[in-house]
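*Asks:* So the protein lines, in turn, are chains Z and B. Read left to right, the first sequence gives residues 1 to 160 (this note's numbering). Read left to right, the second sequence gives residues 1 to 160 (this note's numbering).
FYI, nobody ran anything at the bench for these hints, they're computed from the structure. These numbers come from a predicted model, not from an experiment. There's no promise every hint is true.
[Said to hold, decoys possible] EDC-like, lysine to aspartate or glutamate: derived pairs with alpha carbons at most 20 Å apart:
1) K42(Z) <-> E3(Z)
2) K150(B) <-> E92(Z)
3) K150(Z) <-> E92(B)
4) K42(Z) <-> D82(Z)
5) K42(Z) <-> E92(Z)
6) K42(B) <-> E79(B)
These are the residues of each chain, in order.
There are 2 protein chains.
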Amino acid sequence: MSEGVEWGIHCCTVLALLPPDTALPAARLAEFHGVPAPYLAKSLQALTRAAITESLPGRHGGYRLARPLDRITLLDIVEAVDGGQPAFTCTEIRRRGPARVPARQYTPRCAIAVAMARAEEAWRRELAATSIADLLITLSTTVPPDAAAKGAAWFQEVLA
Amino acid sequence: MSEGVEWGIHCCTVLALLPPDTALPAARLAEFHGVPAPYLAKSLQALTRAAITESLPGRHGGYRLARPLDRITLLDIVEAVDGGQPAFTCTEIRRRGPARVPARQYTPRCAIAVAMARAEEAWRRELAATSIADLLITLSTTVPPDAAAKGAAWFQEVLA
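Only chain Z is shown next, with the shape it has when bound in the complex:
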């Protein structure tokens, strides 16, 4: 999984705290997270393509969330940034070698691919069960209070 996923999730939690009718430029999000702006821009563009964030033009423009907090899940972000392709790829090796038979006989999907897909489905289900709204609640108990205060001060300065 690319580090763009980690960045994308963190950005969404920060954008979730924006006052209405405000937005944060990509450069500010990069500054806040201490990550390289050009790479972060790619993640933000991917989130925007997936209609998770939206980009507002103009002097006070930048990124903001495009949907309510409870309608953006971790799965949405992972798939937006890294794509939805499965981790396990079945290359149908059962169709090679001395035991191979004509293609039309391989009607049921290989039991190995099915079992591997079932595990990924469990992973996806768990990611889909956590929204940005849920994350904010748990983050409120894991972000150090001093960091929250410094973050709030930075926000006020940037949005002034």
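Mind docking chain B on chain Z? Use the hints.
*Replies:* Chain B alone, transformed into the frame defined by chain Z:
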């Protein structure tokens, strides 16, 4: 996930069908699956290091399973071949940027890392719930009958 995982699982299901006191050389396993022998050898060595398979020396030597079928899970094979490192890596970006505070204040683990780890735990749990013994039962319904017959004939020839 590397294709060595797919190969490793398929090899285990083939080795599970070996008569007692027999073994299959890596070259034969590569032939059966139509995959390159040198690469497959790496997966088999990884499975052996994890005590999933064992390697017997000598003229009738080769690989065989080192444990009962119900004590080898998909998770065992995935971890043996690809390692046990998580797909999502938390690089603690919360400790960078203008809101950072001294390291000792980051006591609770980041809620984002916790949520991502929970999803991977669901994936691992599902993989751990499927053994080679389980797979053989479902494979018996997905392997085309003609392929099973050809496979059995190949086995007899190779083990003769």
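*Asks:* Run every hint past the structure and note whether it holds.
*Replies:* Results of checking the hints against the structure:
1. For the proposed pair K42(Z) and E3(Z), the alpha carbon gap of about 11 Å is at most 20 Å, so the pair holds.
2. Only pairs whose Cα atoms come within 20 Å are accepted, and K150(B) paired with E92(Z) is accepted, the gap being roughly 17 Å.
3. Proposed proximity of K150(Z) and E92(B) is supported: the alpha carbons are some 17 Å apart, at most 20 Å.
4. A hinted pair counts as satisfied when its Cα atoms are at most 20 Å apart, and K42(Z) with D82(Z) qualifies at roughly 11 Å.
5. Note on K42(Z) and E92(Z): the hinted pairing is violated, with a Cα-Cα distance of about 34 Å set against a maximum of 20 Å.
6. For the proposed pair K42(B) and E79(B), the alpha carbon gap of about 14 Å is at most 20 Å, so the pair holds.
Checked against the numbered hints above, the structure violates only hint 5.
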